[in-house]
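Single-letter residue listing:
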Amino acid sequence: MTPFVVHTGIAAALPAPNVDTDAIMPKQFLKRIDRAGLAEGAFHDLRQDSDFVLNRTPWNRASILVCGENFGCGSSREYAVWGLMQWGIRVIVAPSIAGIFFGNCEKNGLLAITLPAADVAVLSGLATDGDTARMEVDLPAQTIRHGRGETAFDISEMRKTLLLDGKDHIARTLEYEADIAAYEHARRRLNPLLK
Amino acid sequence: MKTLYEKLLDAHTVRRIDAETVLLYVDLHVMNEYTSPQAFAGLHEAGRIVRHPDRHLAIVDHVSPTRAIASLDEVEDAGGRLQIETLAANCARHGLELIDLFDPRQGIEHVVVPDLGLAWPGMTILCGDSHTTTYGAFGALAYGIGTSEIEHILATQTVEHAVLKPMRITLTGTPGPGVSAKDMVMAVIAHIGPNGAAGHAVEWEGPAVAGLGMEGRMTLCNMIVEAGARVAIIAPDIKALAHLNGRAHAPQGADWNALQAQAANLYSDPGAAFDREVALDVSEIAPLVTWGTSPDQAAPIMSTIPEPTSDADRRALAYMDLAAGTPLNTIRIDRAFIGSCTNARIDDLRAAADILRDRRVADGVTAICVPGSKAVRQQAEAEGLDVVFRAAGFEWRGSGCSMCLAMNDDVAARGERLASSTNRNFEGRQGRGARTHLMSPAMVAAAAVTGRLTDVRML
Chain A
1 MTPFVVHTGI AAALPAPNVD TDAIMPKQFL KRIDRAGLAE GAFHDLRQDS DFVLNRTPWN
61 RASILVCGEN FGCGSSREYA VWGLMQWGIR VIVAPSIAGI FFGNCEKNGL LAITLPAADV
121 AVLSGLATDG DTARMEVDLP AQTIRHGRGE TAFDISEMRK TLLLDGKDHI ARTLEYEADI
181 AAYEHARRRL NPLLK
Chain B
1 MKTLYEKLLD AHTVRRIDAE TVLLYVDLHV MNEYTSPQAF AGLHEAGRIV RHPDRHLAIV
61 DHVSPTRAIA SLDEVEDAGG RLQIETLAAN CARHGLELID LFDPRQGIEH VVVPDLGLAW
121 PGMTILCGDS HTTTYGAFGA LAYGIGTSEI EHILATQTVE HAVLKPMRIT LTGTPGPGVS
181 AKDMVMAVIA HIGPNGAAGH AVEWEGPAVA GLGMEGRMTL CNMIVEAGAR VAIIAPDIKA
241 LAHLNGRAHA PQGADWNALQ AQAANLYSDP GAAFDREVAL DVSEIAPLVT WGTSPDQAAP
301 IMSTIPEPTS DADRRALAYM DLAAGTPLNT IRIDRAFIGS CTNARIDDLR AAADILRDRR
361 VADGVTAICV PGSKAVRQQA EAEGLDVVFR AAGFEWRGSG CSMCLAMNDD VAARGERLAS
421 STNRNFEGRQ GRGARTHLMS PAMVAAAAVT GRLTDVRML
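Chains A and B supply the protein sequences, listed in that same order. Using my numbering, the first residue of the first sequence is number 1, and each one after it goes up by one. Using my numbering, the first residue of the second sequence is number 1, and each one after it goes up by one.
Since the hints were made in silico from the structure, they are not lab data. Among the hints, erroneous ones may be present.
[As the list claims (entries may be wrong)] In silico SDA-like pairs for lysine to any residue, Cα to Cα no more than 20 Å straight-line:
no.	chain 1	residue 1	chain 2	residue 2
1	A	160	B	7
2	A	31	B	79
3	A	31	B	88
4	A	160	B	18
5	A	31	B	72
6	A	167	B	71
7	A	167	B	235
8	A	31	B	73
9	A	160	B	162
10	A	31	B	309
11	B	165	A	116
12	A	31	B	431
13	A	31	B	86
14	A	167	B	43
15	A	160	B	17
16	A	167	B	18
17	B	165	A	187
18	A	31	B	82
19	B	2	B	303
20	A	160	B	20
21	A	31	B	393
22	A	160	B	19
23	B	165	A	156
24	A	167	B	42
25	A	31	B	89
26	B	165	A	31
27	A	167	B	79
28	B	7	A	187
[Claimed, not checked] From the structure, some residues in chain B lie toward chain A, with a derived Cβ separation under 7 Å:
no.	residue
29	49
30	144
31	191
32	194
33	230
34	406
35	428
36	431
Just so we're clear, the structure is a prediction, and the values are computed from it rather than from any experiment. Ideal placement from N, C-alpha and C gives every residue a C-beta, glycine not left out.
Take these sequences, add in the hints, and give me the full structure.
Dropping the structure here:
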């Protein structure tokens, strides 16, 4: 997966709550067996509106999304995260991010950050003005630097390490092979149902 | 003292990874044709193998055509056909069991798995589909995952599980006429919001839950996902065991006795701590319909569309082409759809048929019924329900996800308004520009015959 260390880019405000993965990646882009060619699908139907933020300068180059509550709710489709990455998005900040979508972000090197609503409101305000929309997201320091100072964020050690290394989650889990084998052995003894 | 979720979690924890994550063992992994291809591709690129080929089941459902076809060549959509062919090739390559389009067991994965007796109390079951929580009705720890996690399970038979906070939703009281499990879960979602169970493992409890059959309980566990729940679960009781007993993959003999003994310990200890509690008296709820584009934007059928209180409400009303103050039961529909993993089981079809018997679909309304599986369809036909649906003017189709997400050729047109027994009323979900009203199967049938959203109790 793509490592994430420090990223500087334009932030776009997408304050609507409950932006679902059908909106992020509509059904017409789901009929494929690879991960390629999904940039075109990112927010496809919403982008038909010329006023949509990602159609306007400078946010047509945005790589950071400052979102509303419950971003990424609905369908489990990982296509949504692949499409956002291919569109150029590297960071999502929101007061809350839906569970499956959040997991999909971290598996692909898209940094998903949840912050208190008041902090998100500050970032959203800055992102709304083209002159202040530029931000620097520093994962090692766990902070977002912007025109009004900086905003710290939390992240678990595991997620931080995997994002910084760009390491494959499966490779890490395979280091626990002995634990998995031991579990399976014990489970066979304890539970004859699962052979 | 532990909650049921914590007991299931403990029993499947291979090891702790960090303060908030465990490595969870997956007893059964279910997959479909549309979220799995890239997982296999990733596995192949890395040169990895499937660790336990006997713990996976693949089912074609999302892109399935619902009109009868004789061979795959008749699937007109090239992308969908490629996904079906790719799933078959991947299953053949790794020796995984596949239920393809022409298998008599085919249907929507979350209908097929319990019908085959594959969802047992105490198991972990994961699948690349958000509504996997359905199996929680049997006391299984079950939830939806993304494609990277599918690959992770194929390679390791485990998944990284972010530990959830336990939440209890208690349903009391006796439901009135016309009030189904769908209305109960819609009422809860309307009450707690689309984010109200986020980060939580929901346990359904209480006399009104115990009073439901297994199909109604599956509807509860399935749709609470629309309130953000990652896991939904119900302590298995005698109804759960009776439903499982004798099915194709249910344990037998000594294994059955062992499963019964295991199930007897699957409950939340009295006094176990829940992070959040919600209670609802179901005798106070009426049949609900949604009026907006988020599943929580719902109201009793005899009420009016509420005044918008946010930009999101105003946007939803604009998309739905509706105005605040409009009585819900005056809203005319173009289409009626009965289907989906939420509401296309035999009880759902019976409830709809009870309304349709000796009635006709209103002029100008296109109505289709997509049974949840071939087995459900066959059962319905054995009961003569297909005759009732057809006589009323419904199309009687083959099984699959169909117009719930419109990935096959069952798609609503721009501006069309639907009464739908599905789970999501998102913008564009059932077709670009299409307008969805969610409700129970009986309420869909009622809307189909009057041509407008209708209180089923008035028919």
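We went through each hint and held it up to the structure:
{"no.": "1", "hint": "A/160 to B/7", "result": "violated (29 Å)"}
{"no.": "2", "hint": "A/31 to B/79", "result": "holds (5 Å)"}
{"no.": "3", "hint": "A/31 to B/88", "result": "holds (16 Å)"}
{"no.": "4", "hint": "A/160 to B/18", "result": "holds (12 Å)"}
{"no.": "5", "hint": "A/31 to B/72", "result": "holds (16 Å)"}
{"no.": "6", "hint": "A/167 to B/71", "result": "violated (43 Å)"}
{"no.": "7", "hint": "A/167 to B/235", "result": "violated (38 Å)"}
{"no.": "8", "hint": "A/31 to B/73", "result": "holds (16 Å)"}
{"no.": "9", "hint": "A/160 to B/162", "result": "holds (14 Å)"}
{"no.": "10", "hint": "A/31 to B/309", "result": "violated (38 Å)"}
{"no.": "11", "hint": "B/165 to A/116", "result": "holds (19 Å)"}
{"no.": "12", "hint": "A/31 to B/431", "result": "holds (15 Å)"}
{"no.": "13", "hint": "A/31 to B/86", "result": "holds (12 Å)"}
{"no.": "14", "hint": "A/167 to B/43", "result": "holds (15 Å)"}
{"no.": "15", "hint": "A/160 to B/17", "result": "holds (13 Å)"}
{"no.": "16", "hint": "A/167 to B/18", "result": "holds (16 Å)"}
{"no.": "17", "hint": "B/165 to A/187", "result": "violated (25 Å)"}
{"no.": "18", "hint": "A/31 to B/82", "result": "holds (8 Å)"}
{"no.": "19", "hint": "B/2 to B/303", "result": "violated (42 Å)"}
{"no.": "20", "hint": "A/160 to B/20", "result": "holds (13 Å)"}
{"no.": "21", "hint": "A/31 to B/393", "result": "violated (32 Å)"}
{"no.": "22", "hint": "A/160 to B/19", "result": "holds (13 Å)"}
{"no.": "23", "hint": "B/165 to A/156", "result": "holds (17 Å)"}
{"no.": "24", "hint": "A/167 to B/42", "result": "holds (14 Å)"}
{"no.": "25", "hint": "A/31 to B/89", "result": "holds (17 Å)"}
{"no.": "26", "hint": "B/165 to A/31", "result": "violated (35 Å)"}
{"no.": "27", "hint": "A/167 to B/79", "result": "violated (31 Å)"}
{"no.": "28", "hint": "B/7 to A/187", "result": "holds (15 Å)"}
{"no.": "29", "hint": "49", "result": "violated (11 Å)"}
{"no.": "30", "hint": "144", "result": "holds (5 Å)"}
{"no.": "31", "hint": "191", "result": "violated (16 Å)"}
{"no.": "32", "hint": "194", "result": "holds (5 Å)"}
{"no.": "33", "hint": "230", "result": "holds (5 Å)"}
{"no.": "34", "hint": "406", "result": "holds (6 Å)"}
{"no.": "35", "hint": "428", "result": "holds (6 Å)"}
{"no.": "36", "hint": "431", "result": "violated (9 Å)"}
Taken one by one, the earlier hints fail for this structure at numbers 1, 6, 7, 10, 17, 19, 21, 26, 27, 29, 31, 36, listed in ascending order.
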